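S.K.: The chain contents come next:
Protein chains: 2
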Amino acid sequence: MRIELMPQNETSPDKSTPGETEMQCVILESLAFESGESLSPVFIAYETYGRLNAKKDNAILICHALTGDAHAAGISKKTGKIGWWDSMIGLGRAFDTDRYFIICSNVLGGCKGSTGPSSPHPVTERPYGLDFPIVTIRDMVNAQVRIVENLGIERLLCVVGGSMGGMQVLEWMVSHPEMINGAIPLATTAKHSPQQIAFHEVERQAIMSDPHWNSGDYYCGPLPSRGLAVARMIGHITYMSDCSMAEKFGRKFTNGCRPCKFSADFEVEGYLHYQGNRFVERFDANSYLYLTKAMDYYDAARGGKLHEAFAGMRARVLAIAFTSDWLYPAYQSQEIVSACKLAGLDATYCEVNSTCGHDAFLLETEKQTHLIRHFLETVDRNGGMDN
Amino acid sequence: MRIELMPQNETSPDKSTPGETEMQCVILESLAFESGESLSPVFIAYETYGRLNAKKDNAILICHALTGDAHAAGISKKTGKIGWWDSMIGLGRAFDTDRYFIICSNVLGGCKGSTGPSSPHPVTERPYGLDFPIVTIRDMVNAQVRIVENLGIERLLCVVGGSMGGMQVLEWMVSHPEMINGAIPLATTAKHSPQQIAFHEVERQAIMSDPHWNSGDYYCGPLPSRGLAVARMIGHITYMSDCSMAEKFGRKFTNGCRPCKFSADFEVEGYLHYQGNRFVERFDANSYLYLTKAMDYYDAARGGKLHEAFAGMRARVLAIAFTSDWLYPAYQSQEIVSACKLAGLDATYCEVNSTCGHDAFLLETEKQTHLIRHFLETVDRNGGMDN
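Residue numbers (my numbering), protein chains in the order written: chain B, 740 to 1126; chain Z, 740 to 1126.
Any given hint could be a false lead.
It does not matter which identical chain is used: a pair holds within one copy or between any two.
With a Cα cut of at most 25 angstroms, we get these calculated DSS-like pairs of lysine-lysine [unchecked claim]: (1) K987 - K1044; (2) K1080 - K1044; (3) K851 - K1000; (4) K820 - K987; (5) K991 - K1044; (6) K851 - K817.
Just so you know, the hints here were simulated from the structure itself, not pulled from any lab data. Keep in mind that this is a model prediction, so the values were computed, not measured.
Let's have the full structure, built from the sequences with the hints guiding it.
M.R.: See below:
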């Protein structure tokens, strides 16, 4: 395997933010997928914050959610944008860059630097489209394992993530228990309920109903922007809560012209339109299909019992759910923790009061910081359960 | 006004069902809309079950929900289909046809016999499309008032309905309090929350994103079937509950071929596809836009306080909510009842335990029958609060 590392970014010592960050990329000569197919080469984009210590035992892997990317913190040198979890990562923050070495990679199948359906096929040089293999959560984690190994890290201090990121955390627990001392699954589930599958399916149908989708072969023509925008709008409703929408919008009307009888009247409609339209500028419709399907297929227990899947694990676990998260309801996190307990693990469950819905794991900085900082200190001090 | 009544159906005396039913139609020479526009003529389709007594004081009006129609009970002579609330209407049922005269009309703006955007313009003979005036819940009720008046009924024993039907019930309470002795709003709200508006808006966007929608002018060409199917699929998720989906589908896979990577794998997906595809055979996309918008705009209190809108009303009120209905959460029914109490009304609130979600008002026959039968007996015996 040939590994190519681009120069790592420097943290700015006098500020809490990691400052300007630069995307790096590892090139894997080949990667076998769970489906039996394999691709070569495979690019995995990632960023790091803080410094890996000499013992290489201070590394934390952050796994992003469905539409996230490797740019978790700081200001992107390329785009000028702030990372999606910047409030949690930096000097003195929950993931303290003075103490820990933070890694965040874009998932396999994504469209933000890692190889996915919009990437060019190495021979034809045309985007894979639907020729891209079905991606699973396990495939995403296998790609992350390769990055971690190639940074010379034998064991992660902790792996953390919310939503789809939480599924990756569970997959690390199940498939690579010897490589992690701590695990923080946030606002997630060990397997999707039919309601969660149903929301994803209508989002996919919105995309595939757009004639520009063209069976996934749209890269040389107009993009399926309207379908992808509708998918994103549906998603956005499920990420908020009845309460947070009421607080944010109420029944206020928008200002401005209404070119048609069914234009957006209410502020909440204008907000959804804005979010939908912005999304199509930054996300690939086929990636949306592949990643939502990976989530729907995922079952941490592989059809068996979850506590049996966790047997023999040594990592300490902190699971966090949020009271108003109706997309990933608290009972799903409770099931994870019950299975951990049944498997004899050191597992803690916290249910955070929040009106922010599923988005809470991105927004409730202060409450999560208290919980996570303390948990990381425990893991850092004591290691996994075998230490 | 010229009124044309088609022959009323006969009830079959030896069975609990109303038996074979026939749609009737009243033709209003003109109808003024709340928007200021007016149409002429306007057709309103309706069915009746049971017999109007000599005093004409045993009439109950049933208001249907978004995608319902006038065929509430019995077997349609024309289609052979059973009415959407058949389990609640008939001899010995909640709405006992041996005792009450039941009326159910298709809403103005609908597509099941009443004038709506798919109806032909009387001059051009082309469907109205988006030239149809904006319809409000008040407009729907005004059309119902005309039917009731033309049946020679001065006061209804009761008006009842769930969801959008419940909004019509509230509008009867606010606008025509002198014409009703009882009111049963089921699984409804006095005004939509931003979350409810948001779901409707993405459903509308799914329709309007279909290029066949063609700004509502699709009646001579291909229909916006894919968009309407996606809208219906979204709706269906919101009508069920996490629990009812888990009970009905779990994570079971469908059998059969999968022509593409993103075909329906899970039973819940197959179910949604089936429901979406069936819906486009029976419903008009423009009616879907108009009716959802009527619901979103509706505010029983007209921007003021709900108890003030109810002041002076004499009808007795029974409001029913369902524990697993997350689309029209119980707090919205509680707000209605609180406002009734503040206005000095005789109002009862019942929260029915059910796993059926919003669909509970269509499915929980037994529990609703107990509550409604008793309520109707009270109203029948005592009349409104002034009796």
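S.K.: With reference to the structure, classify each hint as holding or not holding.
M.R.: To see whether the hints hold, each was checked on the structure:
Within a single copy, K987 and K1044 get their C-alpha atoms only as close as 41 angstroms, which misses the 25 angstroms cut-off; across copies the closest is 21 angstroms, which meets it. Taking CA atoms no more than 25 angstroms apart as the test, K1080 paired with K1044 passes inside one copy only; the shortest distance there is 13 angstroms, against 51 angstroms between copies. Within a single copy, K851 and K1000 get their C-alpha atoms only as close as 38 angstroms, which misses the 25 angstroms cut-off; across copies the closest is 22 angstroms, which meets it. For the identical chains of this complex, K820 and K987 are intra-copy neighbours only, at 24 angstroms inside a copy versus 44 angstroms across copies, given an alpha-carbon limit of 25 angstroms.
Only between protomers do K991 and K1044 lie at most 25 angstroms apart by alpha-carbon distance; the minimum there is 16 angstroms, versus 48 angstroms within a single protomer. Proximity of K851 and K817 under a CA criterion of 25 angstroms is satisfied intra-copy only: 12 angstroms inside one chain copy versus 57 angstroms between copies.
Going through the hint list in order, the structure satisfies each hint without exception.
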